[in-house]
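S.K.: What follows is the residue order along each chain.
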Amino acid sequence: MATINYGYREINCKIVYYGPGMSGKTTNLETIHQKVPASNRGKLTSLATKTDRTLFFDLLPLDLGTIKGFKTKFQLYTVPGQVYYNATRKLVLRGADGVVFVADAQNDRMEDNVESLDNLKENLQEHGIDIAQVPLVLGWNKWDLPNHATVDELNEAMNPWGVPAFEMEALSGRGVFDALRAVTQLVLEKIEQDGARP
Amino acid sequence: MAKEVGSLSLEQTQQIEQALKGYVDDVGVTTVLLVDRDGHLVTEAGVTDAIDPVSFGALISANFASTQQIAGQMGEENFDAFYIQGHERDLYLSAVQEIAILVSIFPKEVTLGMVKVFAEKVVQVLCDTYAAAAESTDDEGMSVGGGFADSALAELDKVLGG
Chain A
2 MATINYGYRE INCKIVYYGP GMSGKTTNLE TIHQKVPASN RGKLTSLATK TDRTLFFDLL
62 PLDLGTIKGF KTKFQLYTVP GQVYYNATRK LVLRGADGVV FVADAQNDRM EDNVESLDNL
122 KENLQEHGID IAQVPLVLGW NKWDLPNHAT VDELNEAMNP WGVPAFEMEA LSGRGVFDAL
182 RAVTQLVLEK IEQDGARP
Chain B
809 MAKEVGSLSL EQTQQIEQAL KGYVDDVGVT TVLLVDRDGH LVTEAGVTDA IDPVSFGALI
869 SANFASTQQI AGQMGEENFD AFYIQGHERD LYLSAVQEIA ILVSIFPKEV TLGMVKVFAE
929 KVVQVLCDTY AAAAESTDDE GMSVGGGFAD SALAELDKVL GG
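Read top to bottom, the protein sequences are chains A and B.
Under our numbering, residues 2 to 199 are what the first sequence spells out, in order.
Under our numbering, residues 809 to 970 are what the second sequence spells out, in order.
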């Protein structure tokens, strides 16, 4: 749940980039970091192994400034995709307001994607959250590679909820902002709904 | 709407700021941060120029969370506090129930025992304040107001160059 500090008039939201290993989660954050003006973003912090695989998380803070009297900030996190870092994924997922699931659209990664999505469901469940209730968008990354599955195949395998899904090329930036904007919209709508007087 | 845990009024934030400032002044700790369990900085006191409080808060929260997992594997329900020794400055982290983490950074001249005693007192003040906040039925100002999502999204579009 977003932290809304009414005393300080500050809203902090946490968006987590989830997906299998090497699907492009960190590249999403690197691309956002490159393209967003320095005045609106903080330092990109990465806890990675010597071979640049995410060990704990990457973090990119985004600052939208003051909206209707509230300083509005987002923290974008990635989780480590490798299967054996599940305890870490669970920790990073704590308090998530929205999730961008970055799938590797190549045909031979379909099984890994589905396994990772099932893992997301389980880990959300452990935090008492039903995946159908969480703001979620999907990115079909590596769309520039020739052996990617079709949109229908990907939706069939991973999108029973009909949530927004985007063709994505994280390196060039295609689809990266679309996914970020879509998940942000869902998160903001939820905040407005939950954080407004009945 | 149900008030979320950790939502504080202006008066409550001032109580917390006062407690942290008193802690810095009385004990001589260099920096005190209050970070929620999700890694967001709630407030700070003392010298904060040398650190990036946003990434620092996230790292502290992650560190604390992983330490609690270690506690679980040791058969402990959780750790209430832990200490990290540096060359020139040390770090002491205290749990504020399940809500937040009190971070104390202090120089070698200040003893760990002193920090532990006073941090415990500050934690008690923080727990009382959060308890009062949770029990309060006064929701004056506890609303983001209509049109917030649209305004924030328009701002995001500007940031993303849309």
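In case anyone wonders, no lab produced these hints; they're calculated from the structure.
One or more of the hints may lead you astray.
Claimed, not checked - 25 Å max Cα-Cα, derived DMTMM-like pairs, lysine to aspartate or glutamate:
hint : chain 1 : residue 1 : chain 2 : residue 2
1    : B       : K829      : B       : D965
2    : B       : K924      : B       : D834
3    : A       : K91       : B       : D888
4    : A       : K122      : B       : E906
5    : A       : K191      : B       : E896
6    : B       : K829      : B       : D898
7    : B       : K829      : B       : E819
8    : B       : K966      : A       : E170
9    : A       : K72       : B       : D965
10   : A       : K69       : B       : D965
11   : A       : K44       : B       : E963
12   : A       : K91       : B       : E928
13   : A       : K72       : A       : D53
14   : A       : K91       : A       : D145
15   : A       : K44       : B       : E884
16   : A       : K72       : B       : D857
17   : B       : K966      : A       : E11
18   : B       : K929      : B       : E819
19   : B       : K924      : B       : D965
20   : A       : K191      : B       : D844
21   : A       : K44       : B       : E852
22   : B       : K966      : A       : D119
23   : A       : K44       : B       : D898
24   : A       : K191      : A       : D145
25   : A       : K44       : B       : D834
26   : A       : K72       : A       : D179
27   : B       : K916      : B       : E896
28   : B       : K966      : A       : E31
29   : B       : K829      : A       : E123
30   : A       : K91       : A       : D53
Said to hold, decoys possible - Far from chain A by the CB rule (all over 12 Å, computed), these chain B residues:
hint : residue
31   : T856
32   : A873
33   : Y900
34   : E917
35   : M922
36   : A939
37   : G955
38   : V967
39   : G969
Here a beta-carbon is modelled for each residue, glycine too, at the ideal position from N, C-alpha and C.
S.K.: For a quick check of understanding: which of the numbered hints are violated here, in increasing order?
M.R.: 1, 5, 12, 13, 14, 15, 19, 22, 24, 25, 29, 32, 37, 38, 39
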